[in-house]
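J.: Chain residues, written in single-letter form:
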Amino acid sequence: MKGLQVELPGLSLKNPIMPASGCFGFGREFSDLYDLSMLGAIMIKATTVEPRFGNPTPRVAETSAGMLNAIGLQNPGLEKVYHVELPWLAQFDVPIIANVAGSTEEDYVQVAREISKAPNVHALELNISCPNVKTGGIAFGTIPEVAKNLTKKVKEVSEVPVYVKLSPNVTNIVDMAKAVEDGGADGLTMINTLLGMRLDLKTGQPILANKSGGLSGPAIKPVAIRMIYEVSQQVSLPIIGMGGVQTAEDVIEYFFAGASAVAVGTANFVDPFVCPSIINELPELVDRLGVDHISEITGRSWKTFEKSNHRA
Amino acid sequence: MKGLQVELPGLSLKNPIMPASGCFGFGREFSDLYDLSMLGAIMIKATTVEPRFGNPTPRVAETSAGMLNAIGLQNPGLEKVYHVELPWLAQFDVPIIANVAGSTEEDYVQVAREISKAPNVHALELNISCPNVKTGGIAFGTIPEVAKNLTKKVKEVSEVPVYVKLSPNVTNIVDMAKAVEDGGADGLTMINTLLGMRLDLKTGQPILANKSGGLSGPAIKPVAIRMIYEVSQQVSLPIIGMGGVQTAEDVIEYFFAGASAVAVGTANFVDPFVCPSIINELPELVDRLGVDHISEITGRSWKTFEKSNHRA
Amino acid sequence: MIVKELCQITSQKEIAHDIFELTLKGELPNSMNEPGQFVHMKVSNGLDPLLRRPISIANIDKKASEFTVIYRKDGRGTTILSEKQPGEKVDVLGPLGHGFPVEEVNKGETALLVGGGIGVPPLYQLSKELVQKGVRVIHVLGFQTKDVVFYEEAFSKLGKTYIATVDGTAGTKGFVTDVINNEELNFDIIYSCGPTPMLRALENNYSSNHKVYLSLEERMGCGIGACFACVCHTADDPTGFSYKKVCSDGPVFKAGEVLL
Amino acid sequence: MIVKELCQITSQKEIAHDIFELTLKGELPNSMNEPGQFVHMKVSNGLDPLLRRPISIANIDKKASEFTVIYRKDGRGTTILSEKQPGEKVDVLGPLGHGFPVEEVNKGETALLVGGGIGVPPLYQLSKELVQKGVRVIHVLGFQTKDVVFYEEAFSKLGKTYIATVDGTAGTKGFVTDVINNEELNFDIIYSCGPTPMLRALENNYSSNHKVYLSLEERMGCGIGACFACVCHTADDPTGFSYKKVCSDGPVFKAGEVLL
Ligand SMILES: Cc1cc2nc3c(=O)[nH]c(=O)nc-3n(C[C@H](O)[C@H](O)[C@H](O)COP(=O)(O)OP(=O)(O)OC[C@H]3O[C@@H](n4cnc5c(N)ncnc54)[C@H](O)[C@@H]3O)c2cc1C
Ligand SMILES: Cc1cc2nc3c(=O)[nH]c(=O)nc-3n(C[C@H](O)[C@H](O)[C@H](O)COP(=O)(O)OP(=O)(O)OC[C@H]3O[C@@H](n4cnc5c(N)ncnc54)[C@H](O)[C@@H]3O)c2cc1C
Ligand SMILES: Cc1cc2nc3c(=O)[nH]c(=O)nc-3n(C[C@H](O)[C@H](O)[C@H](O)COP(=O)(O)O)c2cc1C
Ligand SMILES: Cc1cc2nc3c(=O)[nH]c(=O)nc-3n(C[C@H](O)[C@H](O)[C@H](O)COP(=O)(O)O)c2cc1C
Ligand code: FES
Ligand code: FES
Numbered sequence: 001m002k003g004l005q006v007e008l009p010g011l012s013l014k015n016p017i018m019p020a021s022g023c024f025g026f027g028r029e030f031s032d033l034y035d036l037s038m039l040g041a042i043m044i045k046a047t048t049v050e051p052r053f054g055n056p057t058p059r060v061a062e063t064s065a066g067m068l069n070a071i072g073l074q075n076p077g078l079e080k081v082y083h084v085e086l087p088w089l090a091q092f093d094v095p096i097i098a099n100v101a102g103s104t105e106e107d108y109v110q111v112a113r114e115i116s117k118a119p120n121v122h123a124l125e126l127n128i129s130c131p132n133v134k135t136g137g138i139a140f141g142t143i144p145e146v147a148k149n150l151t152k153k154v155k156e157v158s159e160v161p162v163y164v165k166l167s168p169n170v171t172n173i174v175d176m177a178k179a180v181e182d183g184g185a186d187g188l189t190m191i192n193t194l195l196g197m198r199l200d201l202k203t204g205q206p207i208l209a210n211k212s213g214g215l216s217g218p219a220i221k222p223v224a225i226r227m228i229y230e231v232s233q234q235v236s237l238p239i240i241g242m243g244g245v246q247t248a249e250d251v252i253e254y255f256f257a258g259a260s261a262v263a264v265g266t267a268n269f270v271d272p273f274v275c276p277s278i279i280n281e282l283p284e285l286v287d288r289l290g291v292d293h294i295s296e297i298t299g300r301s302w303k304t305f306e307k308s309n310h311r312a
Numbered sequence: 001m002k003g004l005q006v007e008l009p010g011l012s013l014k015n016p017i018m019p020a021s022g023c024f025g026f027g028r029e030f031s032d033l034y035d036l037s038m039l040g041a042i043m044i045k046a047t048t049v050e051p052r053f054g055n056p057t058p059r060v061a062e063t064s065a066g067m068l069n070a071i072g073l074q075n076p077g078l079e080k081v082y083h084v085e086l087p088w089l090a091q092f093d094v095p096i097i098a099n100v101a102g103s104t105e106e107d108y109v110q111v112a113r114e115i116s117k118a119p120n121v122h123a124l125e126l127n128i129s130c131p132n133v134k135t136g137g138i139a140f141g142t143i144p145e146v147a148k149n150l151t152k153k154v155k156e157v158s159e160v161p162v163y164v165k166l167s168p169n170v171t172n173i174v175d176m177a178k179a180v181e182d183g184g185a186d187g188l189t190m191i192n193t194l195l196g197m198r199l200d201l202k203t204g205q206p207i208l209a210n211k212s213g214g215l216s217g218p219a220i221k222p223v224a225i226r227m228i229y230e231v232s233q234q235v236s237l238p239i240i241g242m243g244g245v246q247t248a249e250d251v252i253e254y255f256f257a258g259a260s261a262v263a264v265g266t267a268n269f270v271d272p273f274v275c276p277s278i279i280n281e282l283p284e285l286v287d288r289l290g291v292d293h294i295s296e297i298t299g300r301s302w303k304t305f306e307k308s309n310h311r312a
Numbered sequence: 001m002i003v004k005e006l007c008q009i010t011s012q013k014e015i016a017h018d019i020f021e022l023t024l025k026g027e028l029p030n031s032m033n034e035p036g037q038f039v040h041m042k043v044s045n046g047l048d049p050l051l052r053r054p055i056s057i058a059n060i061d062k063k064a065s066e067f068t069v070i071y072r073k074d075g076r077g078t079t080i081l082s083e084k085q086p087g088e089k090v091d092v093l094g095p096l097g098h099g100f101p102v103e104e105v106n107k108g109e110t111a112l113l114v115g116g117g118i119g120v121p122p123l124y125q126l127s128k129e130l131v132q133k134g135v136r137v138i139h140v141l142g143f144q145t146k147d148v149v150f151y152e153e154a155f156s157k158l159g160k161t162y163i164a165t166v167d168g169t170a171g172t173k174g175f176v177t178d179v180i181n182n183e184e185l186n187f188d189i190i191y192s193c194g195p196t197p198m199l200r201a202l203e204n205n206y207s208s209n210h211k212v213y214l215s216l217e218e219r220m221g222c223g224i225g226a227c228f229a230c231v232c233h234t235a236d237d238p239t240g241f242s243y244k245k246v247c248s249d250g251p252v253f254k255a256g257e258v259l260l
Numbered sequence: 001m002i003v004k005e006l007c008q009i010t011s012q013k014e015i016a017h018d019i020f021e022l023t024l025k026g027e028l029p030n031s032m033n034e035p036g037q038f039v040h041m042k043v044s045n046g047l048d049p050l051l052r053r054p055i056s057i058a059n060i061d062k063k064a065s066e067f068t069v070i071y072r073k074d075g076r077g078t079t080i081l082s083e084k085q086p087g088e089k090v091d092v093l094g095p096l097g098h099g100f101p102v103e104e105v106n107k108g109e110t111a112l113l114v115g116g117g118i119g120v121p122p123l124y125q126l127s128k129e130l131v132q133k134g135v136r137v138i139h140v141l142g143f144q145t146k147d148v149v150f151y152e153e154a155f156s157k158l159g160k161t162y163i164a165t166v167d168g169t170a171g172t173k174g175f176v177t178d179v180i181n182n183e184e185l186n187f188d189i190i191y192s193c194g195p196t197p198m199l200r201a202l203e204n205n206y207s208s209n210h211k212v213y214l215s216l217e218e219r220m221g222c223g224i225g226a227c228f229a230c231v232c233h234t235a236d237d238p239t240g241f242s243y244k245k246v247c248s249d250g251p252v253f254k255a256g257e258v259l260l
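Those protein sequences? They're chains A, B, C and D, same order as listed.
Read in order, the letters of the first sequence are residues 1 to 312 in the working numbering.
Read in order, the letters of the second sequence are residues 1 to 312 in the working numbering.
Read in order, the letters of the third sequence are residues 1 to 260 in the working numbering.
Read in order, the letters of the fourth sequence are residues 1 to 260 in the working numbering.
Chain A with its partners taken away, still in its complex shape:
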């Protein structure tokens, strides 16, 4: 659609809307509902070297304007993703962003090296921020130096641009962003979930079998907007924004904050048709803002421009 095309490292997007990793599986379920080729891109479920079953159930719990999940990176493993899921996805005219996860540096490097060879994988998303995995992985997402080194290692082997997915569970998000920029990242995706918990009112026990989980949905949007606002002013990498996006208006808010594209996660569970709906509604909103192209509004919140008077 006119005015929605976006060019990002490795990605030529028809429009800036894509489902977020872990909220769309490998696309099969949604392919029964609409044509996946209409999406800007697809961020597929995290892939690890070996298959993972993930955490025991319950794996989700509802919260006020949000939800907690502790899926635990369930996935069929690199080989099956590479040989079954990606070739299946190749029938659609849509670039794939492969979400790469692991518990050691070697894990990440191996998945990145292999999966970046798939012809329809146009970019990697380095998941250094999954809160639901117990091993040492937390350091990747919270210590700038560790994140930088991991990014470097992955960049060395990847055949496609590498986006790093930042965790919001840090004191200083700008430091993390700068570190992965130094490490050679081509872009950022942010934010992953906030760490949260809910307790059952009868037993007193955590509702999630994993106890804590990742908080997503509209509740976290103000945190994401703030972080993107800060980071986009301090690094020169493009940002794919996410966290609580439900409507085309939310997409505009993310662009204003500094995002160049937007991913939709939890909202796919509330309304499986949400991505096509947003894509349909965007052109009119962009039009109303008086710009020809959605990219023109990226960072408007902090770029100087003629303040329009909007008081009736």
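Heads up, a few of these hints could be off.
Unchecked claim - List time: in silico DSSO-like cross-link candidates among lysine-lysine, alpha-carbon distance up to 27 Å:
(1) Lys178/A to Lys152/A
(2) Lys211/B to Lys178/A
(3) Lys73/C to Lys202/B
(4) Lys84/D to Lys73/C
(5) Lys128/D to Lys211/D
(6) Lys202/A to Lys14/B
(7) Lys107/C to Lys133/C
(8) Lys84/D to Lys84/C
(9) Lys173/D to Lys202/A
(10) Lys25/C to Lys84/D
(11) Lys89/D to Lys13/C
As the list claims (entries may be wrong) - Negatives, chain B to chain C, calculated, CB over 12 Å:
(12) Asp35
(13) Thr104
(14) Glu105
(15) Ala139
(16) Thr142
(17) Pro144
(18) Lys211
(19) Trp302
Hints in this document: simulated from the structure, not taken from any laboratory.
Glycine residues also receive a C-beta, built at the ideal position from the N, C-alpha and C atoms.
Place chains B, C and D with the ligands on chain A using the hints.
T.: Coordinates of chains B, C and D with the ligands only, in the frame set by chain A:
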């Protein structure tokens, strides 16, 4: 009310419910609505050495199941709080917890020394975590060593027990809690607001004049519960929990997580009668849990106990 | 006294494009004693939206135990409110703040009531009370365009009523200040509610030789004076610590009292 | 085919204590082809609550373009649902999952339908379809107590119906398994839906020499197989990587297929 009395350092509470700092002013407005003596305690608005006007307006913005505020610690200053507000509050039979803020160590020490002398101030709440003040203050709430030293200094001069209010905007909340425990804190209050932002859909500019603000309300409750769950297992200080409490059920969830009392913030704006309502509803809930005293359920989420089967 | 009450909707009408007139029944009207006060309304039972919405009281009918508000369907909250049907209940906190001082004008004198857009509603109850007191009232009401003009007839019944629209589709083309100048209106006091630029113009042009009372608007949290969301500087100390809260000290202030 | 539709409420009744029978009209029933499937319902327009609620389809009336669900008013979502009135619309996603295989039993054979609490509803549509096929049906329905028993008469019209209550206030005192044992029931196949301990007992006691189909329950996110919230291990690989999703592979599984 039977079963609701709570004993905490410096505080003998009729019940464990108190308005949170900044959400109740100095009590005057609510005193027209109900008898303040029915509250467990009152956490008064942050007090600084000098009067502060605070930030320009707009100072609040609504978010999904939450709100942002950037009041900027507006207050009449130590002298007026000490000589006018606290004596006025002395007419009620309710212990006051004085919220102490500043931009330098000296500020904190001076306010703490003076305000702790007021006869109805039974405890201090060290606000090392206000996100809406631009000066170097952020270090107090995010660097364990700095927080520890500040706590120590304040403890040296305070005539009443000192609770330290933790910021959720940190990578590791347990480290912060341990640091202030080492510094001699008598208790913790947690959590303060998450840093967030909202943008106006017409102008693209932040809605708050201060740009970013503190996110409070039900949206943040899962984050608070998770942090209290973690911290209460790692330190031996009592915790006054807060973040999105709206109902008596929420209070129970905080106790399960590890809190010994609960503060109500944003909910006072939605329903100014919320504190008395919660206090009225609590006894029945405690009763239904089969305990005599609400303190018995503190930390039930992580303490071993007979799991009750609650499946119908 | 501030009361929180579940009031029942007795009528809800769209009286102009996206402008709704909502009448509610309950005990609340008994506590309403000043025109220009407002109520703080919870438009849904749950958390979405979370906060209350401040809306001015446009009409008080103590005999019927009813009061009326007029609001523009704008964002999420007012949209939800506009979908409510007679019979449904709305959680209302009020009456809040201090209204227009009717006692500042005497029987036989003339009051100029200047309203802009959704600032017009509270002037209706004010006008009724002034007329009852024997004050002559002149209304100058400004709107964006013809489609959003409301209550022209109701105001006309109380006194001379001028309409101005920005695009000239109804009444005079231009701003309310143009009308006041062009018509060479004479008056003893101004009461006004509307956009800040309008209030500022009135303050600048008339407050030196007239009594002028202005009703302000500000984003609110609590609505009762506790959260400090809605403060403004006092005019005599524009950069200092002294302040007024729009919700509890206002929303009506004497011109020159606070910094606009 | 999965459809998302705003269906209109044609009736809502409390048929037992906190148990509601809700009938909805729309195109959706045309896509419903298996008893035991479920719908995923958004009980409010806004964000509170955020997620959909899975509820089994209890009755399908294609001619009237209606379907019925029966649910217990439990938490926030079902409470909001229970307050809705005929004429209001509900956002329904469905039909979801795989239901009970009617083809696994032949005309003239006997099917035992075992339900527990809010697991009873999907058995109603199943029973109707079995009877229509010429299968003899026996129902054993367990409830906590008399007040929450529902559809006893409706099931009785289709076949022999035993009620058990935990406290003995209606039917036999005890569990459904007690009834099956005591009454020495004979049957060719079991279909069941209810609490996991009940399903586990049926699997343990009968699956070695009967066909047994069980409908499972799990906390859900998407309801369509995308989020991996609702997975369970397969029985042949109880600690491995193989899994089934309750929402899209189930909710009905053959006993022995997945780990209960
Ligand atoms: C004292 C007072 C009296 C008012 N009287 C009237 C009236 O009689 N009729 C009428 O139509 N409007 C009136 N307003 C404005 C009215 O409060 C807003 O239009 C309304 O809050 C918008 O809510 P929303 O959910 O539709 O918009 P949203 O933009 O979704 O609201 C988001 C948040 O911003 C706040 N907000 C948005 N616009 C305003 C505004 N203009 N002023 C204050 N807060 C705002 C909302 O209260 C809410 O907290 C009054 C405002 C004040 C302060
Ligand atoms: C396939 C399937 C079919 C079902 N069919 C029926 C039915 O026909 N009648 C009926 O009364 N109930 C049925 N249930 C259970 C029903 O989904 C829950 O009672 C309902 O979701 C509770 O929502 P709530 O908002 O009232 O409770 P809350 O406790 O407020 O819900 C909070 C969250 O937990 C989830 N949740 C809570 N209890 C359950 C549960 N038992 N199973 C799954 N999720 C739960 C909710 O969906 C929601 O996401 C079914 C569940 C499943 C999985
Ligand atoms: C059920 C679920 C599973 C997720 N799995 C992954 C994952 O595998 N990899 C990843 O990087 N992020 C994962 N996420 C995080 C989302 O991609 C996204 O960053 C986050 O949910 C915020 O967006 P939202 O609020 O729109 O959901 C998952 C989120 C949810 C809700
Ligand atoms: C308007 C507003 C003002 C606040 N002012 C203060 C303050 O002065 N000092 C402080 O320690 N916390 C302040 N807080 C934080 C609250 O005390 C509380 O920690 C936080 O809002 C979370 O609780 P809630 O979700 O119940 O509001 C303020 C919060 C709000 C909403
Ligand atoms: S709105 Fe809270 S002080 Fe005015
Ligand atoms: S509920 Fe999402 S996969 Fe089953």
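J.: Give a verdict on every hint.
T.: To see whether the hints hold, each was checked on the structure:
Pair hint Lys178/A plus Lys152/A holds up; C-alpha atoms about 13 Å apart against a cutoff of 27 Å. A hinted pair counts as satisfied when its Cα atoms are at most 27 Å apart, and Lys211/B with Lys178/A qualifies at roughly 22 Å. Proximity of Lys73/C to Lys202/B is assessed by CA-CA distance (about 17 Å); at most 27 Å being required, the pair is judged to hold. Distance hint between Lys84/D and Lys73/C is fulfilled; the C-alpha atoms sit about 24 Å from each other, no more than 27 Å.
For the given pair, Lys128/D sits about 19 Å from Lys211/D by alpha-carbon distance, which is consistent with the 27 Å threshold. As the CA atoms of Lys202/A and Lys14/B are separated by approximately 25 Å, the hinted pair is consistent with the 27 Å bound. Of the supplied pair hints, the one linking Lys107/C and Lys133/C holds, its CA atoms being roughly 6 Å apart against a limit of 27 Å. With a C-alpha separation of about 14 Å, the suggested pairing of Lys84/D with Lys84/C holds against the 27 Å cut-off.
In summary, the hint linking Lys173/D to Lys202/A is supported, as the alpha carbons are separated by about 26 Å, within the 27 Å threshold. The straight-line distance between the Cα atoms of Lys25/C and Lys84/D is roughly 23 Å, inside the 27 Å bound, and the hint therefore holds. For the suggested pair Lys89/D and Lys13/C, the alpha carbons sit about 22 Å apart, so the restraint of at most 27 Å is met. The beta carbon of Asp35/B is kept farther than 12 Å from every beta carbon of chain C, the shortest such distance being approximately 15 Å.
Once the 12 Å rule is applied to beta carbons, Thr104/B is consistent with being away from chain C; the minimum gap is 19 Å. For Glu105/B, the shortest C-beta to C-beta distance to chain C comes to about 23 Å, beyond the 12 Å cut-off, and the non-interface label holds. Non-interface status of Ala139/B relative to chain C is upheld: no Cβ of that chain comes within 12 Å, the nearest being about 25 Å off. Separation of Thr142/B from chain C is adequate, the least Cβ-Cβ distance of about 25 Å exceeding the 12 Å criterion.
Remark: the non-interface label on Pro144/B is consistent with the geometry, its nearest Cβ contact in chain C lying 31 Å away (cut-off 12 Å). For Lys211/B, the condition that its CB be more than 12 Å from all CB atoms of chain C holds, with the nearest at approximately 15 Å. No beta-carbon of chain C comes within 12 Å of the beta-carbon of Trp302/B; the shortest separation is about 28 Å.
When the structure is compared with the earlier hints, no violation turns up for any of them.
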